[in-house]
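Undergrad: Sequence:
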Amino acid sequence: MNDVITIGEAMIAFSPQSTGPMKYVNMFEKKVGGAELNLAIGCSRLGLKAGYISRLGNDEFGKYIYNFARGEGIDMSQVKLVDGYPTSLNFKEIMEDGNVRTFYYRDKSPTLAMHPEDLDEGYFEEAKILHITGIYPAIGEIHIDVIHKAIELAKKNNLLISFDPNIRLRMWSKEEASRVLAEILPHVDILLAGDEEMDIIIGEKDPKAIIEKTKEMGISYIAVKQGENGSVGYYNEEIVEAPPVKANKVADTVGAGDGFNAGVLYGILNKWPLEKTLQFANTIGSMVVSVVGDNEGLPYYEDVQGKLGEIERIER
52 MNDVITIGEA MIAFSPQSTG PMKYVNMFEK KVGGAELNLA IGCSRLGLKA GYISRLGNDE
112 FGKYIYNFAR GEGIDMSQVK LVDGYPTSLN FKEIMEDGNV RTFYYRDKSP TLAMHPEDLD
172 EGYFEEAKIL HITGIYPAIG EIHIDVIHKA IELAKKNNLL ISFDPNIRLR MWSKEEASRV
232 LAEILPHVDI LLAGDEEMDI IIGEKDPKAI IEKTKEMGIS YIAVKQGENG SVGYYNEEIV
292 EAPPVKANKV ADTVGAGDGF NAGVLYGILN KWPLEKTLQF ANTIGSMVVS VVGDNEGLPY
352 YEDVQGKLGE IERIER
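Going from the sequence shown to the working numbering is simple: count from 1 and add 51.
The set of hints was computed from the structure by calculation and includes no laboratory data.
Glycine residues also receive a C-beta, built at the ideal position from the N, C-alpha and C atoms.
Computed cross-link-like contacts, EDC-like style, restricted to lysine to aspartate or glutamate with a CA-CA straight-line distance of at most 20 Å:
{"no.": "1", "residue 1": "K266", "residue 2": "E289"}
{"no.": "2", "residue 1": "K131", "residue 2": "E111"}
{"no.": "3", "residue 1": "K207", "residue 2": "E176"}
{"no.": "4", "residue 1": "K100", "residue 2": "D354"}
{"no.": "5", "residue 1": "K264", "residue 2": "D246"}
{"no.": "6", "residue 1": "K82", "residue 2": "D110"}
{"no.": "7", "residue 1": "K74", "residue 2": "E144"}
{"no.": "8", "residue 1": "K358", "residue 2": "E347"}
Have a look at the derived ranges for each label pair, beta carbon to beta carbon:
{"no.": "9", "residue 1": "G124", "residue 2": "P72", "range": "31 to 41 Å"}
{"no.": "10", "residue 1": "G71", "residue 2": "L140", "range": "16 to 26 Å"}
{"no.": "11", "residue 1": "N208", "residue 2": "D158", "range": "29 to 39 Å"}
{"no.": "12", "residue 1": "N208", "residue 2": "D110", "range": "29 to 39 Å"}
{"no.": "13", "residue 1": "P167", "residue 2": "M78", "range": "40 to 50 Å"}
{"no.": "14", "residue 1": "K206", "residue 2": "G71", "range": "44 to 54 Å"}
{"no.": "15", "residue 1": "M78", "residue 2": "G122", "range": "16 to 26 Å"}
{"no.": "16", "residue 1": "R219", "residue 2": "P72", "range": "13 to 23 Å"}
{"no.": "17", "residue 1": "R121", "residue 2": "N208", "range": "16 to 26 Å"}
{"no.": "18", "residue 1": "G135", "residue 2": "E247", "range": "33 to 43 Å"}
{"no.": "19", "residue 1": "G357", "residue 2": "P295", "range": "12 to 22 Å"}
Build out the structure end to end from the sequences listed, making use of the hints.
TA: Written out as structure tokens, the structure reads:
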């Protein structure tokens, strides 16, 4: 049984070998990216069993991603390599302060070859949490249908539904994102969202206002991500403001939110108190930003314990 399954688009992420505007960068390193796959990797490194549902191009990049994910312990049984669809790419621009811009090349995504009827209900029967994001439905209209079918199967088989809006305004407008993602919210059990994203979807940016409004929709577990300001969470009538954890350095901010999400899901599955869960998740986010790459900085469980001072790390 998988603890967490997720559905999304994996990509080859080209990371620059120098900082500054991309037009002046001449060398890039091939890495693997994609928010949902990052989440699965983050969960796997913490010790959870994670499964991934997707399609990849039947090309060298697709095979590389497939083998990379398997090497991370991800169940790839629901991933197929398809002909006629090139594996998606992105190129990152990283500035000196760690801020990142991403340039996507994902037309004719391999995930467009997947339809609602391709989802295997048996796979949902053997899982605990379905994690979805707002990136996948932004790629194509068919993905909206796939997401709703996945939600239907998750509800039928008593999975908790975890949702990160993860709005990418390079992919669709604020109006489109708000319309599509607002339809998902009433089906969600665990909301993992940035304050600015929720401002787009429900017109609220203040964490406590977000909590009040989404509580009314029936969402039982809410974590509002505020980056360098920490996070605010709600569960079982308790609201916790979790302070930020200082990063050793900020090298690349991509993947920090996915790491935070993995930390929250780990805490939920282990029935931790809200405060402990948010502190754990904030700590993971701070560790991710110190490493260049979408998922290279996602820590193993013992790494987080070391950062929290729960165990002594002997370096030599």
